[in-house]
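**Q** Sequence:
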Amino acid sequence: MSQDHILIAGGGIGGLAAALGLAQRGRRVLVLEKATRFGEIGAGIQLGPNAFHAFDYLGVGDTARAMAVYIDNLRLMDALSGEEITRIPLGDEFRAHMGNPYAVVHRGEMHGVFLSACEANPLIELRTEAAVQSYAQNASSVQAVLSDGARIDGAALIGADGLWSRVRKQMLDDGPPRVSGHTTYRSVIPVDQMPEALRWNAATLWAGPKCHVVHYPLSGGQNFNLVVTYHNDAPEPVAGKPVPVEEVRRGFEHVHPLAQQVIEQGQDWKLWVLCDRDPVMDWVEGRVALLGDAAHPMLQYFAQGACMAMEDAVCLSDMVASHDDLEQALCAYQQKRRLRTARVQLQSREIGEHIYHPDGAHAELRNAIMREKTPADWYREIEWLYGGTGLESAAS
0 MSQDHILIAG GGIGGLAAAL GLAQRGRRVL VLEKATRFGE IGAGIQLGPN AFHAFDYLGV
60 GDTARAMAVY IDNLRLMDAL SGEEITRIPL GDEFRAHMGN PYAVVHRGEM HGVFLSACEA
120 NPLIELRTEA AVQSYAQNAS SVQAVLSDGA RIDGAALIGA DGLWSRVRKQ MLDDGPPRVS
180 GHTTYRSVIP VDQMPEALRW NAATLWAGPK CHVVHYPLSG GQNFNLVVTY HNDAPEPVAG
240 KPVPVEEVRR GFEHVHPLAQ QVIEQGQDWK LWVLCDRDPV MDWVEGRVAL LGDAAHPMLQ
300 YFAQGACMAM EDAVCLSDMV ASHDDLEQAL CAYQQKRRLR TARVQLQSRE IGEHIYHPDG
360 AHAELRNAIM REKTPADWYR EIEWLYGGTG LESAAS
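Residue numbers for the sequence shown follow numbering that gives the first Met the number 0, so the first one is 0 and each next one is one higher.
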């Protein structure tokens, strides 16, 4: 393996997006994935316009648009009364304002877009069963050390190895992720099993005291993605554990019957305990940098984890292309990304508390404020997030 390769630990959405962006700028890339095959765990994912800005930069915009499901509205419902609080129309006016659409897609399909593009690019090598455990570096190169003891030389190492990143552990040694105590259950059901009254072409949030329910169509409208979350003070991280509907039901006995129907129709429920980290100012060390959840894991409430990783990939590629020195390029990437990602991390926590899960007077205040907003108000308020391309500086 030539030392001019850039090594990427992790073959998820962020890692493959980074590989594609770097290769399009003429860099040779080796992606090291610990699993036996490249793939993504999970079901639906929401794609703000900033995701499509990234798709276009990375050369997969047309493919991504062809497999996305375009929804008409973002709807916020009161989970106790069953009444609509507000909606954000996502039609022509929204697209014109943001420069791109809002859509939903199956996570595996989106990963597949990047995987196919990487497989077709001669500058990218993909390797499985290659778990990066640590690294070593000097003034001119870096070595990725694999779990089997093998050492692979490269010009730089990008740690895109997720929430439990081994690259981050060596670089920052800042302990385990923060356990939020929020438990999320996920299911996908055929459209004919979705209550007919709820077959809306929308990403719908039912917000209730210490709980919420989300649903939206997938796979060309053939399925619905169900995501329900409640505060049960879960003490430990869990990922993808199968659970019976009886367990899911326990957190939602107080919500409106229409929202409860979503839970009753779910099948093959799986459980995740949500984790994130506090923002940090540094995720670069010499020729090693972090990306995506390895750098800035965030709660799901902005639906921006994958979008931020793709923005990272855009910025990283652009900085590497515009700097002769790789270490300077990585520092410039960090400088451009750290405040924006910190803002999304912190505000994801805040909207969980103040929009998704308030109770009593807190919830009534939310309803009153949000009902007053026009679509134009909403577009101005969320432009900082959805208008992002990954190339801005500071917190924009």
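Keep in mind the hints are simulated off the structure, nothing from the lab. Everything numeric in this text was worked out from a predicted model, so none of it was measured. Treat each hint with caution, since some may be false.
Derived EDC-like pairs: lysine to aspartate or glutamate, alpha-carbon spacing no greater than 20 Å straight-line [claimed, not checked]:
| id | residue 1 | residue 2 |
| --- | --- | --- |
| 1 | Lys269 | Glu284 |
| 2 | Lys269 | Glu235 |
| 3 | Lys209 | Asp173 |
| 4 | Lys209 | Glu252 |
| 5 | Lys372 | Glu83 |
| 6 | Lys33 | Asp147 |
| 7 | Lys269 | Glu252 |
| 8 | Lys33 | Glu195 |
| 9 | Lys372 | Asp173 |
| 10 | Lys372 | Asp147 |
| 11 | Lys269 | Asp232 |
| 12 | Lys209 | Glu245 |
| 13 | Lys209 | Glu349 |
| 14 | Lys372 | Glu124 |
| 15 | Lys33 | Asp91 |
| 16 | Lys269 | Glu124 |
| 17 | Lys240 | Glu263 |
Cβ-Cβ distance ranges computed for the label pairs, FRET-style [to be verified]:
| id | residue 1 | residue 2 | range |
| --- | --- | --- | --- |
| 18 | Gln132 | His230 | 49 to 59 Å |
| 19 | Val242 | Asp71 | 46 to 56 Å |
| 20 | Ser133 | Val178 | 43 to 53 Å |
Idealized CB from N, CA, C, for every residue including glycine.
**Q** If a hint holds in the structure, say so; if it does not, say that too.
**A** Okay, the hints, checked on the actual structure:
Distance hint between Lys269 and Glu284 is unfulfilled; the C-alpha atoms sit about 37 Å from each other, more than 20 Å. A threshold of 20 Å between alpha carbons decides the hint, and for Lys269 with Glu235 the separation of about 16 Å falls inside it, so the pair holds. Between Lys209 and Asp173, the direct Cα distance comes to roughly 29 Å. Violation of the 20 Å bound is thereby established for this hinted pair. For the suggested pair Lys209 and Glu252, the alpha carbons sit about 12 Å apart, so the restraint of at most 20 Å is met.
Restraint check: the Cα-Cα separation between Lys372 and Glu83 comes to about 13 Å, which is no more than 20 Å; the hinted pair holds. Annotation: proposed proximity of Lys33 to Asp147 holds, straight-line Cα distance about 11 Å (limit 20 Å). Proximity of Lys269 to Glu252 is assessed by CA-CA distance (about 19 Å); at most 20 Å being required, the pair is judged to hold. Between Lys33 and Glu195 the CA atoms are separated by roughly 42 Å; this puts the pair beyond 20 Å, and the hint is violated.
The suggested pairing of Lys372 with Asp173 is violated, with an alpha-carbon distance near 41 Å, which exceeds 20 Å. The hinted pair formed by Lys372 and Asp147 fails the criterion: a straight-line CA distance of about 57 Å is larger than 20 Å. Of the supplied pair hints, the one linking Lys269 and Asp232 holds, its CA atoms being roughly 18 Å apart against a limit of 20 Å. Taking the CA atoms of Lys209 and Glu245, the gap is about 18 Å. The hint holds against a cut of 20 Å.
About 13 Å separates the Cα atoms of Lys209 and Glu349, which keeps this hinted pair within 20 Å; it holds. This hinted pair does not check out: Lys372 and Glu124 have alpha carbons roughly 49 Å apart, beyond 20 Å. A threshold of 20 Å between alpha carbons decides the hint, and for Lys33 with Asp91 the separation of about 42 Å lies outside it, so the pair is violated. The hinted pair formed by Lys269 and Glu124 fails the criterion: a straight-line CA distance of about 33 Å is larger than 20 Å.
For the suggested pair Lys240 and Glu263, the alpha carbons sit about 19 Å apart, so the restraint of at most 20 Å is met. The hint said 49 to 59 Å for the Cβ distance between Gln132 and His230, and at roughly 35 Å that hint is violated. Taken as a hint, the range 46 to 56 Å is violated for the pair Val242 and Asp71, whose Cβ atoms sit roughly 32 Å apart. Distance hint for Ser133 and Val178: a CB-CB separation of about 25 Å, inconsistent with the stated range 43 to 53 Å.
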